[in-house]
Amino acid sequence: MQVQFELNGEAVITDVEPRTTLADCIRDGLRKTGTHVGCEHGVCGACTVLINGDAVRACLVLAVQVQGDKVVTIEGLSGDELSPLQVAFRKHHALQCGFCTPGFITTAHALLTNEPNVNEERVRDVLSGNLCRCTGYIPIVEAVLDARIHYARGEE
Amino acid sequence: MKASNSYIGRPMDRVEDLRMVRGRGTYVADVNRPDQLYGVILRSSVAHGKIRSIDFTRALELPGVKLVLTAADLGATVPRIPVRLQPLPELEPFRQPMLADRKVRYVGEPIAVVIAESAAIAEDALEHIDLDIERLPAITNREQVEAAASVLFEDHGSNTAITWKALLGDADAAFKTADYVRRERFQIQRHTAMFMEPRGFVAEWDAEAAKLTVWGAAKLAWHNRRVLAAALGLDEDAVNLVEVDVGGGFGSRGEFYPEDYLIPAAAKIMQRPVKWTEDRREHMMSSNHAREIECNVEIAVSRDGRFLGLRGQIWADIGAYLRTNGSMGPRNVAQFMSGPYCFGNVDLKCSMLTTNKTPSGSYRGPGRFETDFIRERLIDIVARELKIDRLELRRRNLVADSQMPYRLPFITPSDSSNELDSGDYHAVFERCLKEFGWEERSKLRGKLVDGYYHGLGIGSFIEGGAAGPKEDARLVLETDGSLSVYLGSSAIGQGLETIMAQIAADATELPFEKITVNHGSTSHVKDGYGSYHSRSTVMGGSSILLAGEKLKELIRETAAKRFNCGPAEILIDGEQVSYAGNHLSLSKLSAVPLEVEASFYNTKHTWAYGTQAAHVAVDPGTGEVKVVDYLSVEDVGRMINPLTLHGQAIGAIVQGLGGALLEHLVYDTEGQLLTGSFADYLLPTASDFPNIRSITLELKPCPNNPLGAKGAGEGGVIPVGGVIGNAVADALFHLNVQPLELPLSPPRIWELIEEAHQQQLGSS
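From first to last, the protein sequence lines are chains A and B.
Okay, so the first sequence: first residue is 1 according to the working numbering, each after it adds one.
Okay, so the second sequence: first residue is 1001 according to the working numbering, each after it adds one.
Since the hints were made in silico from the structure, they are not lab data.
Ideal placement from N, C-alpha and C gives every residue a C-beta, glycine not left out.
Incorrect hints may appear among the rest.
[As the list claims (entries may be wrong)] A few chain A residues that face chain B, going by a derived Cβ cut-off under 8 Å, partial list only:
no., residue
1, Thr33
2, His36
3, Cys39
4, Cys44
5, Lys70
6, Thr73
7, Gln86
8, Gln96
9, Asn117
10, Cys132
11, Pro139
12, Val141
[Said to hold, decoys possible] Label-pair distances were calculated between CB atoms; the ranges are:
no., chain 1, residue 1, chain 2, residue 2, range
13, B, Glu1061, A, Glu120, 32 to 38 Å
14, B, Phe1153, A, Leu60, 41 to 47 Å
15, A, Gly68, B, Glu1208, 45 to 51 Å
16, A, Lys70, B, Arg1142, 43 to 49 Å
17, A, Gly9, B, Pro1082, 26 to 32 Å
18, B, Asn1032, A, Gln67, 24 to 30 Å
19, B, Asp1279, A, Gly9, 56 to 62 Å
20, B, Phe1153, A, Pro18, 54 to 60 Å
21, A, Asp54, B, Lys1447, 42 to 48 Å
22, A, Asn52, B, Asp1206, 43 to 49 Å
23, B, Lys1443, A, Asp54, 45 to 51 Å
24, A, Gly68, B, Arg1102, 54 to 60 Å
25, A, Leu60, B, Gly1451, 50 to 56 Å
26, B, Arg1142, A, Gln67, 26 to 32 Å
Please construct the entire structure, taking both the sequences and the accompanying hints into account.
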């Protein structure tokens, strides 16, 4: 089947089997490998992408479901300069192996975009949908709280 | 001349982060080769049985299916995975075949490999393979092992593989004369590393050059190359294992698994690249499990609270086969049960039992997490019964600085001994109490506040590191003046590129920014050992130090020729060399790269050590345990990067809390894994443990390596079970609840509370 959507600001038309997940479509078909696949059953959150601004698990969405949508992956949130979230992740040592990191950053970006004045409890609550095995989460929460100010100022 | 560099000890931001936070890391699933095929593994759904037949005719008829590989294709004798650590001859019968050989012994055991044009087609093909397996009784616990309804290895005739013994002094004599003896039964549940990136490989056979390249190496590339080359009948030089970014290891990833052989073998047969990535369910039933033991252990104590002896029997459930490092946990449980305390007399046996469950191996702090739960719980039970303050009891028995080096029990059948290298265990213990605010918090002990009983727990630990025999480094001063470091150590997410660049910068006096660290691939150095047993910093780092000295000598010799002087007259000053007021940039020093190699040899382990304390609150209505505060204090001799070290300490503690409270690989009596998803196997999440602190000290540098560093990646996890168990017992002191089994899940705590209530009713 042909599916047409916007990926990181660029129009994409691609052929997929109806059963192809969005994660596989992005990674295997379109070769954007920053979206990681950690469990394929919607729990670990490593594959989180933004669909029309919402944080969504790309392993639980079929590629054909994003027809006409705006999809943003970690690559779409990255430029030559590190973003405020990326700077904060580095500063707080919020990653070790880095495998879960794109999912955390996309999730946190959606959260801070919608709720720039979010409190710590809410950050923990939202991030509890993503699994990290290295850091113990404490530095990730610190990083997200640290990046809030940039979203509140609209500098993200 | 400017001062020498001092990058060691500084919290340098990680160089790895720059790619990883942007999604530009390259993990093995991100590697693609032109014209690649995809592999999928057919795994047994039966825990124990005889394979009567495998019919894959229908699978081969599916368009896009290229090959189905079974044991019959692997030669007259199916190759088996060698035991890497403690390769005793008596362990050989238990080695795992690359594909199930006439029998299946656990759910998840590879039976066949399907190769197809896409992963989806290969997965479809699994449905078209007809398997006929004659079921045998499954052995899933010690009772069944002892009832011997069936044996996994008929030739061996018993489900007990071997028994490790840890011996020191004369335990029987000590127990005979002791004032007080206490015996308890403990049990630790099966759980495991559960790193986030699934395992995978991409293998490519270049028929013209007769060379095999495999992407996806981790932890042990050189060892695994030897094993793979031998199994495929190739020269080692014909095989290159490539390490790309690795999404966590924790002891489990990078050991040689059946797929390490099957995917390259398929690529060689197909003469096309083959890619395989496991899914999470496969991971849970195929990657090493860990930690499952039960034991009867007794402690002998004098009236005034001196430990006199430890003895007992431990049973370790190793699962269906003895994997590469399957002995380490069971051996360590016996060897390190005495921990940082003087026991004088030890007689511990640990029998390895084979069962129809996924084989086990090392997971961060192997054997040590288990044994610390047992020891620290026993100490608290003794303190309660002898009415000695539990802090005081520990003070009386921690090994003293003056006793260093301190000998640990002798271990058989490997016939090895070990000794603690250095440390002020008492100072760290007191520091932990002070930083934790033990005295102040003690006011809450046993109190019911807002529906929660509060309690404190403590435990001390030792962490072994720096396994030998050696590590290799190659330094290349490139013609542009930059430095390339090639290293035998592997990166598994621990920040190796940053730490090694810090060490290399200090060793060579070159700027940190000019250094690139290449690691873990077999093309980098002739020989390498890798990353395990908290060894990379000490072993890899020390080899860089030695190579740095050699490189400076070579730079001086090269510059001396240019300046027509003696090498000793050359000054290396940052990025230039100088002689008698004349300067030459390193980028203009030589037309060819300057290259040196060095190896650091080591036979002595490093011993980081520390104390941890917890404040918990227990809900008697639900059995929930809240961790109010948690502190770890550890002396690592010398820190290279406080940022990464601190991060690993916190991460390890949270893994330990997972093992203490949440994580459990549950099997039913048929040998079916009941916890095959992240919905069933509970990992800690961001909202579970918000209050964890870690303090790292540099009190006693290690005397056995030039860095003075001690391996420190695992320590945090080691005492957590014991510390939490003690804190829960303290909170429920009035009920005399004594946790003897992990995990301390809400239902288990609730049951313990109910039992205690019943006993109190019965006795009143």
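Hint check:
| no. | hint | result |
| --- | --- | --- |
| 1 | Thr33 | holds (4 Å) |
| 2 | His36 | holds (7 Å) |
| 3 | Cys39 | holds (4 Å) |
| 4 | Cys44 | holds (6 Å) |
| 5 | Lys70 | violated (18 Å) |
| 6 | Thr73 | holds (7 Å) |
| 7 | Gln86 | holds (4 Å) |
| 8 | Gln96 | holds (5 Å) |
| 9 | Asn117 | violated (19 Å) |
| 10 | Cys132 | holds (7 Å) |
| 11 | Pro139 | holds (6 Å) |
| 12 | Val141 | holds (6 Å) |
| 13 | B:Glu1061 / A:Glu120: 32 to 38 Å | violated (58 Å) |
| 14 | B:Phe1153 / A:Leu60: 41 to 47 Å | holds (42 Å) |
| 15 | A:Gly68 / B:Glu1208: 45 to 51 Å | holds (48 Å) |
| 16 | A:Lys70 / B:Arg1142: 43 to 49 Å | violated (57 Å) |
| 17 | A:Gly9 / B:Pro1082: 26 to 32 Å | violated (52 Å) |
| 18 | B:Asn1032 / A:Gln67: 24 to 30 Å | holds (26 Å) |
| 19 | B:Asp1279 / A:Gly9: 56 to 62 Å | violated (31 Å) |
| 20 | B:Phe1153 / A:Pro18: 54 to 60 Å | violated (47 Å) |
| 21 | A:Asp54 / B:Lys1447: 42 to 48 Å | holds (45 Å) |
| 22 | A:Asn52 / B:Asp1206: 43 to 49 Å | holds (46 Å) |
| 23 | B:Lys1443 / A:Asp54: 45 to 51 Å | holds (48 Å) |
| 24 | A:Gly68 / B:Arg1102: 54 to 60 Å | holds (55 Å) |
| 25 | A:Leu60 / B:Gly1451: 50 to 56 Å | violated (37 Å) |
| 26 | B:Arg1142 / A:Gln67: 26 to 32 Å | violated (56 Å) |
Consistency note: the structure conflicts with the earlier hints numbered 5, 9, 13, 16, 17, 19, 20, 25 and 26.
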